[in-house]
Amino acid sequence: MEHLHLKPFPKDFLWGASSSAYQCEGAWDEDGKGPSVQDMAPVIPGTSDWKVTSDHYHRFKEDIALMAEMGFNEFRFSIAWPRIIPDGDGAVNPKGVEHYHEVIDECLKYGIQPVVTLYHFDLPYALQEKYGGWISRQCIDDFVRYCEVCFKEYGHKVKYFLTINEQNMMTMFNMGGYSSDKDRYQANHHMLVAMAKATSRCHELCPAWIAPAPNITCVYPLTSAPMDNLAAMDYDQLRNRLYLDTIVFGKYPEAFWVYLEQRGCAPEFAPGDAEALSNAHPDFIAFNYYGASTVKYVSQTEGEKAREVLKAPRNEANMKEFMTGMMTEPGLAVGVDNPLQDRTSYGMGIDPVGLRITLRQLWERYQLPLLITENGCGVPDTLNEDGTIHDDYRIDYLRVHIQACQEAITDGVRLMGYSPWSAFDLVSTHQGITKRYGMIYINRDEHDLKDLKRIRKDSFYWYQKCIQSNGEDLA
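With my numbering, the residue at position 139 of the sequence shown is 139, and numbering never jumps.
Since the hints were made in silico from the structure, they are not lab data.
Wrong hints could be hidden among the right ones.
The following label-pair restraints were derived from C-beta to C-beta distances [claimed, not checked]:
hint: 1; residue 1: ASN470; residue 2: LYS311; range: 48 to 56 Å
hint: 2; residue 1: GLU385; residue 2: LYS305; range: 33 to 41 Å
hint: 3; residue 1: HIS390; residue 2: ARG263; range: 46 to 54 Å
hint: 4; residue 1: SER180; residue 2: LEU230; range: 21 to 29 Å
hint: 5; residue 1: LEU230; residue 2: HIS281; range: 16 to 24 Å
hint: 6; residue 1: LYS311; residue 2: ARG399; range: 28 to 36 Å
hint: 7; residue 1: LEU383; residue 2: HIS5; range: 16 to 24 Å
hint: 8; residue 1: ASP448; residue 2: PRO271; range: 51 to 59 Å
hint: 9; residue 1: LEU383; residue 2: ASP342; range: 21 to 29 Å
hint: 10; residue 1: ALA255; residue 2: VAL400; range: 29 to 37 Å
Keep in mind the model is a prediction, meaning the values are calculated, not measured.
Don't be surprised by glycine CBs; every beta carbon is placed ideally from N, CA and C.
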């Protein structure tokens, strides 16, 4: 649909950007913090670890002041569970609790609403060692207790909490390293129940709104073949609805549940699980978007063959086959490149129309306010001799996606805000600091910390202008 006139962004629209603790804070073992699974994970050769990252832990006041200069009225960041409870299930760390009070207060000083993610991939390493992390039901209780600490400490200051970041990516790409699909989906079930129980406890303990935060996207069939269209429907249940139907409607999507049952990997429900899911009632939906998915049908036999490569160590020679295997669900669908979708130099999709479609689909299915919590252009940037960073490519990316947001609002979508990834450069999970997303440049490279100086990119000034005009000036 082509609109003849576009509605303006709401006057209370949230303009900001996002980050996560382990990717920006550094100070990984300071002030009583325990190690997370990310801190202890092998570092990809040639990239940087999580020990310093952007040093936001020590420089958060400077960073928040720069966000205020850009005009932010929102900042999405995560609290590190092992900074609050170092071993995951023991004593609360007062220094960790105080640190996030200081961050929240600094945001509020400038009129910036904190949007707080409770879990962004950084499980306390002690719980992974103690009982295998999310594969154990004990992780549900430990997560909910940690969330209760956060609700009691910060719930009178924070208006918006997010439960678990990109749970679907953790499950689909087996970030827990589970040896079977049965274990993978059982661990996912424990996360769903933990998220539901935490949502209910938030409503009981504080007035804040709370939401899930998966990575959501519309799904295109590769061709008009009927089986490809069916595959797109099925993949939507696997990739999106498994993580939203369960928290919003309190039940698994029907067809995908049958798929799991027939393959012997449906999770086991314990007494009270179904009730917990049905009682959650999130207040809104937060989601990350980096381009649409495209799939084609794959038979059970072909899919099992494609996934054989996952049993071998990943290397340069088998990378393409390995990624195909990761994107394959035998008898359901396989993710493929869309020849009609533009991509960044790192292969991330550039599809603003897909964002509009995703917003429409989410609003029409769930009828809950929506908040975009990640969307961004991760590429290398060049610091020129005169201290400038000309990132027109990032400006172009943000412009077309913000335009898509306005088109979706005109379509009737209730969109609360736009919080792209990220305010400042941080260490990307797979490509290190070289893959930069920020509008603020951090002067360091993979292994030389240099002076960590904060430098405004061209996109800083462009986004500042966009916010000042409430999205009207995108030139």
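Quick rundown of the hints versus the structure:
no.: 1; hint: ASN470 with LYS311: 48 to 56 Å; verdict: 52 Å, holds
no.: 2; hint: GLU385 with LYS305: 33 to 41 Å; verdict: 53 Å, violated
no.: 3; hint: HIS390 with ARG263: 46 to 54 Å; verdict: 51 Å, holds
no.: 4; hint: SER180 with LEU230: 21 to 29 Å; verdict: 26 Å, holds
no.: 5; hint: LEU230 with HIS281: 16 to 24 Å; verdict: 32 Å, violated
no.: 6; hint: LYS311 with ARG399: 28 to 36 Å; verdict: 44 Å, violated
no.: 7; hint: LEU383 with HIS5: 16 to 24 Å; verdict: 42 Å, violated
no.: 8; hint: ASP448 with PRO271: 51 to 59 Å; verdict: 55 Å, holds
no.: 9; hint: LEU383 with ASP342: 21 to 29 Å; verdict: 26 Å, holds
no.: 10; hint: ALA255 with VAL400: 29 to 37 Å; verdict: 34 Å, holds
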